[in-house]
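A.B. asks: The whole structure should be built from the sequences, with the hints applied where relevant.
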Amino acid sequence: MKKFYITLLIIAVVVLLLSTLIKSSYFLLILNLIALNTIIVIGLNLLIGFAGQISLGHAAFYGIGAYSSAILTTFYNVNPWIAMLLAVFITGIIAYIIGIPTLKLKGHYLVMATLGLNIIFSIIIVQWEVFTGGPDGIAGIPYLQIGSFSFDSDKKILYLCWFFALLSLIVAYNLVHSRVGRALMALHNSEIAASCLGINVSKYKVKIFVLSAMLASIAGSLYAHYVTFISPETFGIMFSIKLIIMSIFGGMSTIWGALVGSGCLTIISELLNFVKDYSTIVLGLILVLVLMFIPQGVVGYITQLKINNEK
Amino acid sequence: MKNILQFILSGLTTGSIYALIAIGFSVIHNATGIVNIMQCEFITYGGMLTVTFYIFSKFPYFIAIPLSIICVSIMAGLFERVVIRNSKSKDIIILIFITIGASIFFKGLALLIWGSDPFMLPPFSGNQPIKIFNAVIIPQNLWVIGISIITVILLHLFFHKTITGKAMRAVANNKKAAQIVGININRIVFLSFVIGGFLGALAGIIIAPITTTSYDVGFMLGLKGFAAAILGGYGSMGGSIIGGILLGLLENLGAGLISSEYKDVIAFVVLILVIYVKPSGILGLAKVERV
Amino acid sequence: MLEIKNLKKSFGGIMAIAGVNFNIKQNTISAIIGPNGAGKTTLINLISGIYKCDSGKVIYKNKDITNLAPHKIVEKKIVRTFQNLQVFANMTVLENVMVGMHSITKYEFINCILHFPMVKKQDKSIKEKSMEILKFFNLEKKANFRASALPYGEQKKLELARALAANPELMLLDEPVAGLNLTEAKMISEILLKLKEDFNITILLIEHNMNIVMDLSEKIIVLHYGEKIAEGTPTEIQNNPLVIKAYLGGSCIA
Amino acid sequence: MLKVKNLSVKYGEIQALHDINIELKKNEIVAIVGNNGAGKTSLINTITGIVQCYDGEIIFNNENITNLPTDKIVKYGIIQVPEGREIFSELTVEENLELGAYQRFKKEDKNKIFETLDEIYSLFPILKNRKNQIAGTLSGGEQQMLAIGRGLMAKPKIMLLDEPSLGLAPLIVEEVFNVIKRLREQEVSILIVEQNAYAALKNSDRAYIIETGKITMHDKSENLLNNEKIQEAFLGKRRK
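Protein chains in written order, with this note's numbering: chain A, 1111 to 1421; chain B, 1138 to 1428; chain C, 107 to 360; chain D, 595 to 834.
Note that these hints are calculated values from the structure, not bench results.
As the structure is a computational prediction, the values presented were derived from the model and not from experiment.
Among the hints, a few may not be true.
Using 25 Å as the maximum straight-line C-alpha spacing, the simulated BS3-like pairs for lysine-lysine come out as follows [stated by the list, open to error]:
(1) A:K1112 / C:K158
(2) C:K235 / A:K1112
(3) A:K1112 / C:K227
(4) C:K247 / A:K1313
(5) C:K158 / A:K1313
(6) B:K1298 / D:K722
(7) D:K604 / B:K1312
(8) B:K1298 / D:K604
(9) A:K1416 / C:K248
(10) B:K1298 / A:K1352
(11) C:K248 / A:K1216
Computed list of chain C residues with no C-beta within reach of chain D, every gap over 10 Å [claimed, not checked]:
(12) K131
(13) K158
(14) N168
(15) N173
(16) K212
(17) F222
(18) K230
(19) F243
(20) K248
(21) K300
(22) K302
Glycine included, every Cβ here is placed at the ideal spot set by N, Cα and C.
C.D. replies: Quick look at the structure:
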């Protein structure tokens, strides 16, 4: 327990240091994207790694958060903070309604349903131009503000993004080490055995789905108020796939895996810009090799090494 | 009324393509339990290799097409041998994401080789539209439907009349029993990828004269094929055919009668509703968990 | 305490349970025996709510509990174990037992995320109680092992410990000593006796090991082809010609 | 013909079989009798290469076949007949039988295989009547016959039968064992693994008793049948 908070503190300090050292707004952007991705991936880790329910549609929840925030602030002049809160609420309700029938599905059928929902979402935001600006997206989304302090630069928003990222790590940590977390792991192992110990399996699956959708929504709102401009391609299934790759890369059934996975993959994809035409080839190759040889992810691999050393 | 027939005809065309792709997914699933996203690349490479052989190497169709199909089948088999078989984890999710990684790799490779411009292959036999009642159909549509029907019949014969085909069904039905009678499961898995490659490539080639082909054409087609397989009941050949045709019809009727912008929405909404009602697809069997 | 009334269940036209009746008295140990495929596990699956029965009733303490969802059955203080071990392999031994207490603890998502003091307090007490249970099963030294790292015999014990953690009044045990050697089996049967005497738990078990069955049970129910062919004390069952014929492969000695 | 020497099998940290020694001679019917979970199926699965052994050797006609893959073991003519549920339930009866001869299709004339098929049909007329039926719709006893028939299609030298009486009514059990006894005429040596001690002992030449992964007794079957200890172990009867 103490170790967790100490590590968290170290990360906070490192990020603060980096933020003062880095002058380039490009690098600050990367650091911020890592934080945002961490928020989504930690939710996915809870859903996939701990509860064993795969979702290939989380980019849609990220999008619902971003678009709700954008629409509420640009069309209705709602205060950005309230918009963000409403966005989380809206996402939660949508996830709940979708989750009840969807999470009854298993395996490939669950993958297909979540993927299909993501595709439906993508098409709707492109086509429903009146509200979403269609393919052009929405511009002029206001910055978040506290009093007269406006989060209007890469550096300022960094504190906010990382605050939420660390907060979501704490949320995940608390949940995993609780009655609910144990129940989720149990139903991942065996739904029948879990239900025979009094765990309401379908209720828990839906609830964790809602929680992970809400986390994605928070990241979406932060993104909208950060870059002040959103467009549909950010929230397509390619991003959903990338999110799961981050989750697997770091280690699905670990908390730190979310941070490591989003960190590594965000940096790798930015680095790949240097090899231009070869970027997708290299990305694909890295993925295949990592999954072939360290399928438990980076953090999972390190933990395993530790256990082996103890033996 | 006139239009409906037209929509049905184009629905059957795309539907047959989806069905071929869906069967490819199902065959590999039955042998391994995974969703092979590389199927998308089989489609792309089928079309693009034919472009290379036909347009650039000036081979006639009857050489270019079989050659492309053989190349893709070899590529599929090698992918199984080199990548899938050597994966440390046999976890389904990991294997699926390995196929996604490989798909990203091959898509990048295709972009490097062929660039991002779409290519048009000429139709197999002229472009003169044929009138059927009061709808028109271009000959390539007939080629697509005809080749699909022949392929399905051949596959059916393969699965029901040859011992290897029966062995493949046996592996899908009961792996342990298949092992007991002396079937080499690895060989069947390999074969399933070769067949998957064959079907993907074929689909990619015969649709190319209608829709053009490019380095990323396989992604959307593959996705639809997967959707069709799920809709019909994953792993079942009959299901794949029904799912494919149904999806093709839904899309074209949806696009024609309701809204072309929302045709994919309509198709996917129906798909999702179907699996909500019947969680194992139209022809899929619900499995009873044993404790 | 538990009454099974004319229970029926079929799978795809095949009758797995064809109208079974019996009663279990409070604070007794009873056993269901019968050849493989006789419907024993199906019966437990019906009582614990995993399968829905076609007709008939399950009455527990004069309340109808037929076809309740499994997690509702647990709330009635009926807990079961499984023939094919269902320990939560990726969790520690201690966590397994802590999951066992799910039905007798509270606090859902929001409380757990915010980690309020009362949540902490409850977690602490769950942990302590779980350790006590592990001590009872002599597993306390392995509390932080992954459950999958335990040998088979200890996994069997762990499943019992986890079931006990739910504070049950009735335990349904599906082959508690299958695959164990003589010493281990003996240990389990001693534990079962203690559960009955010290914890006042009623036990209904399925078992193939006749020594254990005959030693432990006050009542034996014999199933054959989904039907109850006999019911009685161990001596009555041992001398019942019908049982000998059906269960013990009698057709070949006759 | 078949010798198992000092065989041990482990699943992870769990040891399923300890130091097993058994032998099967030509034209013999040998039974291995034990309770659920005693390790009977593990033993058969190890011989046929489905499960890898941890220690020990399996010798067939002086050749070491330990840990060979199953398809190689089948080539030697060692065929497992699993309990009746392990058939190809979605395939027809005839397809099930043909697959039993899977490896023969590569090297033999098809007509020879169809000859065997006819032999099987005359041995089990009921299968002939149902040859185009989906195997999953057969009754338990018929499925067991099908499993045996499928095994015979490979022209085996040794058949390893896993619980042929499982889930069958006494009368059917008797029928199955009558068939097994007739297999001797086909020059097949048979190893039966059974929970139904009486049926197995009554219908075999020799028998081994297996308890929690160890062989605890070995004798002629008739001697074991009259052994009081056996009665206690499998009937739960107390000696007076």
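A.B. asks: Give a verdict on every hint.
C.D. replies: Do the hints match the structure? See the list:
Simply put, A:K1112 and C:K158 have alpha-carbon atoms about 47 Å apart, too far for the 25 Å limit, and the pair is violated. At most 25 Å may separate the alpha-carbon atoms for a hinted pair to count; C:K235 and A:K1112 meet this at roughly 23 Å. In summary, the hint linking A:K1112 to C:K227 is supported, as the alpha carbons are separated by about 17 Å, within the 25 Å threshold. Proposed proximity of C:K247 and A:K1313 is contradicted: the alpha carbons are some 35 Å apart, above 25 Å.
The hinted pair formed by C:K158 and A:K1313 meets the criterion: a straight-line CA distance of about 20 Å does not exceed 25 Å. Restraint check for B:K1298 and D:K722: the C-alpha separation of about 19 Å stays at or below 25 Å, so the hint holds. With a C-alpha separation of about 22 Å, the suggested pair D:K604 and B:K1312 falls inside the 25 Å cut-off, and the hint holds. Distance hint between B:K1298 and D:K604 is unfulfilled; the C-alpha atoms sit about 41 Å from each other, more than 25 Å.
For the hint pairing A:K1416 with C:K248, the CA-to-CA distance comes to about 18 Å; that is within 25 Å, so the pair holds. Restraint check for B:K1298 and A:K1352: not satisfied, since their Cα atoms lie roughly 43 Å apart, outside the 25 Å limit. Straight-line distance between C-alpha atoms of C:K248 and A:K1216 comes to about 34 Å, which puts the hinted pair past the 25 Å bound. Distance to chain D confirms C:K131 as a non-interface residue, since its nearest Cβ pair spans about 22 Å, more than 10 Å.
Once the 10 Å rule is applied to beta carbons, C:K158 is consistent with being away from chain D; the minimum gap is 23 Å. For C:N168, the shortest C-beta to C-beta distance to chain D comes to about 34 Å, beyond the 10 Å cut-off, and the non-interface label holds. Consistency note on C:N173: stated as away from chain D, and its beta-carbon is indeed over 10 Å from all of that chain's, at 26 Å minimum. Consistency note on C:K212: stated as away from chain D, and its beta-carbon is indeed over 10 Å from all of that chain's, at 36 Å minimum.
Every CB of chain D lies more than 10 Å from the CB of C:F222, the least distance being 40 Å, so the non-interface label holds. Every beta carbon of chain D lies more than 10 Å from that of C:K230, the smallest distance being close to 32 Å; the non-interface claim holds. No beta-carbon of chain D comes within 10 Å of the beta-carbon of C:F243; the shortest separation is about 18 Å. Every CB of chain D lies more than 10 Å from the CB of C:K248, the least distance being 12 Å, so the non-interface label holds.
No Cβ of chain D approaches the Cβ of C:K300 within 10 Å, the least distance being about 22 Å, so the stated non-interface status holds. A cut-off of 10 Å between C-beta atoms confirms that C:K302 is not in contact with chain D; the least separation is 20 Å.
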